[in-house]
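Asks: The whole structure should be built from the sequences, with the hints applied where relevant.
There are 4 protein chains.
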Amino acid sequence: MAEKNKFGAGIWLFGQFVDRYATDAYGPPVDTLQAIDRAGEVGELVALDVNYPFSDASITTTQVRAALERNQLEAIAITPAIYTREFQRGSFTNPDAAIRRKTIDLAKRAIEVAGELGAKYVKFWPGQDGHDYPFQADHAQIWEYAVSGVREIAEFSPQTQFAIEYKMKEPRVHITFSTASRTLLAIQEMGVNNVGIVLDFGHSLFAKETPADVLLLVQRHGKLTSVEVNDNWREWDDDLTVGSVHIIETLEFLHALRCINWQGPILLDQFPFREDPVAAARASIRTLKALDRLLDRVDLNQLKAAQDAQDALAAQRLIQNLLIND
Amino acid sequence: MAEKNKFGAGIWLFGQFVDRYATDAYGPPVDTLQAIDRAGEVGELVALDVNYPFSDASITTTQVRAALERNQLEAIAITPAIYTREFQRGSFTNPDAAIRRKTIDLAKRAIEVAGELGAKYVKFWPGQDGHDYPFQADHAQIWEYAVSGVREIAEFSPQTQFAIEYKMKEPRVHITFSTASRTLLAIQEMGVNNVGIVLDFGHSLFAKETPADVLLLVQRHGKLTSVEVNDNWREWDDDLTVGSVHIIETLEFLHALRCINWQGPILLDQFPFREDPVAAARASIRTLKALDRLLDRVDLNQLKAAQDAQDALAAQRLIQNLLIND
Amino acid sequence: MAEKNKFGAGIWLFGQFVDRYATDAYGPPVDTLQAIDRAGEVGELVALDVNYPFSDASITTTQVRAALERNQLEAIAITPAIYTREFQRGSFTNPDAAIRRKTIDLAKRAIEVAGELGAKYVKFWPGQDGHDYPFQADHAQIWEYAVSGVREIAEFSPQTQFAIEYKMKEPRVHITFSTASRTLLAIQEMGVNNVGIVLDFGHSLFAKETPADVLLLVQRHGKLTSVEVNDNWREWDDDLTVGSVHIIETLEFLHALRCINWQGPILLDQFPFREDPVAAARASIRTLKALDRLLDRVDLNQLKAAQDAQDALAAQRLIQNLLIND
Amino acid sequence: MAEKNKFGAGIWLFGQFVDRYATDAYGPPVDTLQAIDRAGEVGELVALDVNYPFSDASITTTQVRAALERNQLEAIAITPAIYTREFQRGSFTNPDAAIRRKTIDLAKRAIEVAGELGAKYVKFWPGQDGHDYPFQADHAQIWEYAVSGVREIAEFSPQTQFAIEYKMKEPRVHITFSTASRTLLAIQEMGVNNVGIVLDFGHSLFAKETPADVLLLVQRHGKLTSVEVNDNWREWDDDLTVGSVHIIETLEFLHALRCINWQGPILLDQFPFREDPVAAARASIRTLKALDRLLDRVDLNQLKAAQDAQDALAAQRLIQNLLIND
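Residue numbers (my numbering), protein chains in the order written: chain A, 365 to 690; chain B, 365 to 690; chain C, 365 to 690; chain D, 365 to 690.
For the record, the hints were derived by calculation from the structure and aren't laboratory data.
A hint or two may mislead.
Copies of the same chain look alike in the list, so a pair counts if it works inside one copy or between any two.
No more than 35 Å apart at the CA atoms, straight line, and that leaves these computed lysine-lysine pairs for DSBU-like [as the list claims (entries may be wrong)]: (1) Lys-668 <-> Lys-572; (2) Lys-668 <-> Lys-466; (3) Lys-668 <-> Lys-472; (4) Lys-466 <-> Lys-368; (5) Lys-466 <-> Lys-653; (6) Lys-653 <-> Lys-368; (7) Lys-572 <-> Lys-368; (8) Lys-572 <-> Lys-472.
Replies: Here it is in structure tokens:
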């Protein structure tokens, strides 16, 4: 039986959600400290990915540390907000050199905060980098900006671990770091060894990848920094509760995590627009734990035999025995 | 506890598969009689949807009836092959009036065969009707051809039940009868009462419908003639084994079938290119039966309460209790 | 040569854009009156679809009328905001009867405002109605709520023209009024004759419809109230400038509008997150006018001959002669 | 003004098409020699990608060479048929070592034929390599097979140029070499320098890539062996005529080919199921030539300025001036 999984979450799960229609937001404002307290309420989280800057300029790192401590949470990651109004035309790939510089500067402040909070990695989610229209961009230039921007930060702080969370689109219609393979290529071009990947199960699904497959590919290249989980309908980053649609592929993903002996926490990345965030987090954790217990019951020799033969029906039967065996 | 489900299949599940690459086919030729015997081997099928013409001109209806009888199978449907070479530019909507006439003629022969074999309906699957390119077609004309073609047959044989199996594409890149709603509209325009719908779970998935939802919609309009099941990856009619990817939505579909008190058999529509067809059919039936037993354990009052409140987390918990309760 | 097209826009094109990442918005706040002035700046618009309530409670209908007049704009439609925080769990289909009642009440106020501003129709865009998760909803109940809610308003004010703008998703992951056919079915069930459809080109594209085809279908059923245009990448409502990606299908759509002798304005529905709204509107109008001039040069007899024969290559050649004839 | 483009085609464009429904094929049989003569009829082709084995065992390389010569065609590539019945469960990744060996052996024969016909590269299109179902495969093993299989052949014949044509799916539901980036990663792992990529515009579209973007990425890595063109509806490899749907992105792709100073022929990869192949090839070439002439008229300084500013509206205006300037 495997070590028990640990769980974390992106702090945004506990924040205020807005979209382009409900511009008055899906709920009241939640500041960074309140969001941490909500995360603590879940009762099973050990780690948070924390956005920087914090919700209000008045909130200090000391206050954040205190809030984390009183909720027995670690700040596993700091994610600089390089996707807000200022960065709407790009962060690393912005056509304006001054904004590209601001991106670097914000990343450097995030490195400091990560140091102060003891975070394991600084995450880049460059959701505004890319293009919207045909002919809009010199794609070679965009790629060069993206690669060299991340490289500059990685070289600036070689003792810091960085990670890129790739995603195919939103808010940019076409995001530069779109898939696992493309991000691995970019990291190779950087020529640094402190940049890895945050593999988000949902981003992988709607990039038309097989999540378990790319997990192994990223691991093979030694670049797996963290994993995030949720679910969606394969066309968009719906950020639904874990296993709500693709329970079998979620199970395959958890199995792949066992195969690589993953020790880090599994982070929830959800946007429960219409549900209570604490309840939604608990639901996902409950599912993850139950799926993990199911995996304890798989006969790994039989599964290996089925997979060595690429025998779909045999492999399915083993898995369905877990789910629908009554 | 519900009545036990009965199962049937499209006879093509047991035939020879070809595609545009493996033009030497995925297996040896299988004639109509051999396919029926293979269906019999499954051991749990009671009904077949049989293509007409049969595989060889020499095979008679008498032989087919005998083969069905020795395998304790009924011919629930006859499906005229209005999608072969002759109909490549359309059956009901072919620009050539002579081919439109041949479509009607073939349908009439299918009605006779249905009579001889005691089939419950004649199914139209007009997979070549539609268009491939922008500007190729006068869409109003295509629609008129499609509606009036089916109407003509329905009026020709008012005592026969007909059904249209809609599908979004393949082989035509855009098929005229693409979705449940569109097909319901067409049936209304026909102004006849002996044309219904065959709702294929997989076609529904990749038309971006929610299968359980459109099942209820078709039923609401009194037009549900039959149902077919399989699975796919939401972009194409992969015709995989039941529940292999979308087990939760399959369960929701089976629940919807209970809600409407569906008494007919559930037909398998699979193309196991690389698996043994008999084993693939058995795997799907095994899954369907297991899912059905799970549904016996749902507390319907609790489910109704959750759905009345549109409470996603509560509804999910009830369903996940079935699947991952260990 | 056809009558020249007239153009309008949704007022939101000129407002402030927010999304779930750039929660500080893509630009400064814009109130209803300012948005109207921006629309006036475009110089070629004659009509606006105006959201109600206005941006601030202090803005009066009188002020709005004055702003429209000084910009030589008519309010062609009033669109009640039934998709904000209060309606996050649905408007017509909300599980809470009190919210369903508020939806009706807001619609009634929109009818009054439409009367005061001389608008031609009241538009419903029920983007929060539907479901997010499997098993979340009793689909039959949701459908019943949607149909009966719109019917109640239509019967309340039989002299008012209403229209439903269908869309497959966003913000709801699965929206009830998802496609043209489904919405036509719902309107038929309502049994009223003052509810039509607003056909949005982009919504049609990403619902996997052929826009020109469903335009003719909606017209055939006598339910075409208005049309909106934009572009996207076929998976999401990107609301890009007209013809930026699908220029050939845009041309086919404009051709279909000529076929039905469409006299109303063509409305722009864009979200130029990263572009100047006035410039983006002008770009779309410039494209629409240029495409319209191209259509003047089509030999309609040749096109009819090609379409009667469903001859893709001949039809394409005619169209490409317009675009790439140098 | 640029050098004029040269054109080639996959020989399959001129062959017999079959699919899983029209199992009696869309036309009569066409042997390899007849297909070459059909290609010659087009009148503007200089190169063919030729499948091996030829259509009949009796056809010799000498006959093929003669057919090519009399039609003034070169065999630019030899593509071994590693996707037929024998390879249905995979070629390089087949679970059966004997079939993996047969793949290697067939590739070696293709190398010989390529030598005899003077072909520039041997192309692998491993359309059966991958998986269909969750849990079916040990993804790490599949990847290892794919990488080591191609490597073995590349090392066996270091003087031969090889190329992988990636594709997301069909006939396998999930193909191993799915995207440009993933294939680049695999080639890096091979550690050889005689394996490149055939970039198919349509495969790129439905892999959700931007074709012009990945063209530059593959070139940046020095791995662009050849390019193929066609069109589709972004979800499937429809293999339509060039520019029939995505004319703007086709133009962007041709512009990118100019940017890298591409000198090789542009190959047509079409499956005109319902059109005359010679006419369909001519239509695509006519479009390609016309688009190329349009590109002569682009003000490259203005385009560069627009792209440096990532100014979508300015870039679009330049391109639309080419297409809709009357």
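Asks: Against each hint, give a clear statement of whether it holds in the structure.
Replies: Status of each hint after checking the structure:
no., hint, in the structure
1, Lys-668 <-> Lys-572, "both (25 Å within a copy, 33 Å between copies)"
2, Lys-668 <-> Lys-466, "between (50 Å within a copy, 24 Å between copies)"
3, Lys-668 <-> Lys-472, "between (46 Å within a copy, 32 Å between copies)"
4, Lys-466 <-> Lys-368, "neither (41 Å within a copy, 45 Å between copies)"
5, Lys-466 <-> Lys-653, "neither (41 Å within a copy, 41 Å between copies)"
6, Lys-653 <-> Lys-368, "both (8 Å within a copy, 33 Å between copies)"
7, Lys-572 <-> Lys-368, "within (29 Å within a copy, 37 Å between copies)"
8, Lys-572 <-> Lys-472, "both (33 Å within a copy, 33 Å between copies)"
Violated hints for the displayed structure, listed by number in ascending order: 4 and 5.
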